[in-house]
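Peer 1: Listed below, chain by chain, are the residues.
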Amino acid sequence: MDFLAEWLKEIIIVVLIAVFIDLLLPNRAMERYVKFVVSLLILLTLLSPVLRIFSSDAKQKIETAFAGNWSDQDGGNTANSTEAILLQGEQLRKQQEAEALQWAGEEAARQMKEQIERTTGLPVERVTVTLTEEKAASKKDADTKTEGTGPSIKQVEVVMREVSEGSEQAEAEESRKIEIQPVEKVKVDIDGGSEGSVNPSDSKNLDPVTESDDIQAREAMAETENAISSNREDQLEQRQLQSILEGKVEELLYREWGISPEFVTVKSGNGK
Amino acid sequence: MEMIQIVGLGLVATVLILVIKEQKPLFAFLIAACTGIYIFMYLIGKIGGIIEVLEHLAESSGVQMIYLKTILKIIGIAYIAEFGAQIVRDAGQESIASKIELAGKVLIMVLAIPIISIIIETVIKLLPA
Chain B
0 MDFLAEWLKE IIIVVLIAVF IDLLLPNRAM ERYVKFVVSL LILLTLLSPV
50 LRIFSSDAKQ KIETAFAGNW SDQDGGNTAN STEAILLQGE QLRKQQEAEA
100 LQWAGEEAAR QMKEQIERTT GLPVERVTVT LTEEKAASKK DADTKTEGTG
150 PSIKQVEVVM REVSEGSEQA EAEESRKIEI QPVEKVKVDI DGGSEGSVNP
200 SDSKNLDPVT ESDDIQAREA MAETENAISS NREDQLEQRQ LQSILEGKVE
250 ELLYREWGIS PEFVTVKSGN GK
Chain Z
0 MEMIQIVGLG LVATVLILVI KEQKPLFAFL IAACTGIYIF MYLIGKIGGI
50 IEVLEHLAES SGVQMIYLKT ILKIIGIAYI AEFGAQIVRD AGQESIASKI
100 ELAGKVLIMV LAIPIISIII ETVIKLLPA
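Residue numbers (numbering that gives the first Met the number 0), protein chains in the order written: chain B, 0 to 271; chain Z, 0 to 128.
Just chain Z, same shape as in the assembly:
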């Protein structure tokens, strides 16, 4: 039922955009952005449920919470970057979209820095001095 709602919303938004696009391209873009945000917000609740399950799983199995936090941050960055980039891309600004994606990639790599440093430290300690 939820899927039908979302698809219906998407179809209505698409028809509206097709109608408006000729006269007012700006409003067409606004409708597209709002529809996208609405669907995204709708999905956030579902993703929250999944994350809760993951957290519970990690907590019960004694995995360090810091790992899970890192992974969740990665997902968050990926989702937000993707969402923003697509909205911008819809407006026809391909270059800005690719910059947003680049920012997302860089932020994900920044998250990896402490892990890399710890691993390298350990490996260096392992090697005979």
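Looking at chain B on its own, in the form it has when it is part of the complex:
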């Protein structure tokens, strides 16, 4: 829909400009010729979606066609056109290099992800690798895996999936369970106070409702306090685990890929 709107806008503006030009023309003699060229332009605008379907670089093609014509008109000779060809070649080379770099980055990221998952046993959300083509700076990194003057890894971002399972997280998981339970109980208490229908033992003998409620509330309070403290511990522990994990990942990446740790960032997926 966006594309359609863009296209319509383009057509409208071109037609408007054409009408304007028609009015600006000095005399009738040129009118037929100008009208012909302008109508061709409108036709080209109308055809632009078709052009785009048939060739991906339609815009560039049009530009080169016009530019070639104009340079001929302006007395440009072969030197000019060779320059244009060289420029085009340079552009193509850059584009190819960028594509190759992106592909290499994706591949490296995939392998890193596998390695990290294998070594740490934790699921990895995603790994983003940023590559740069610094010939001089890559000397240090180039010794390890990549070729002599190839691209170097500038930055690695590792995002871990939310850590809720895994051998190292057993304790954390346990404390989380404790954290969940009291919340449920408190809820039940509130319901029991108002209706007494949720907690079956309370609803059957209505008399000791308040007492048991009190006790239960106290218990719940204590447990929530416990839970909060354990939660804090949990957080601390998680932070520790996180740093351990970070160190592990960084060490792994340094060992396997020769990436110095300052380029590596490890995040956990908890944030989202």
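Below 16 Å or equal to it, Euclidean Cα-Cα: the simulated EDC-like pairs (lysine to aspartate or glutamate) are:
hint	chain 1	residue 1	chain 2	residue 2
1	Z	LYS72	B	ASP21
2	Z	LYS68	B	GLU9
3	B	LYS8	Z	GLU54
4	B	LYS266	B	GLU156
Keep in mind the hints are simulated off the structure, nothing from the lab.
For chain B, the structure is supplied; the task is to place chain Z on it using the hints.
Peer 2: Just chain Z, lined up with the frame of chain B:
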């Protein structure tokens, strides 16, 4: 006010030309040419304003600048060819004036060549081979 200035200039130039024409036809032609150039120069500023608006319009609406450039080139060719042809025609050289106009027409058609080639290419691709 500007219009009055231009008309006044034109009238003065016409009277001068009528006076001089009998004695020195060459100077009459020079006066005519200079007046024409002056008015043309005066108008160029105004046309520049219009073109600026058009450019702004095209830029904001995302029309390819190459289209606008082509159209502007067409206008430029048309104006210059027309101007030169009229001055020459005033001097009584009808044949040279028509040659200038022909050159203008040919140059405008040359501008259309890349457009035609692209359109034909697309149409050929559209047709089943």
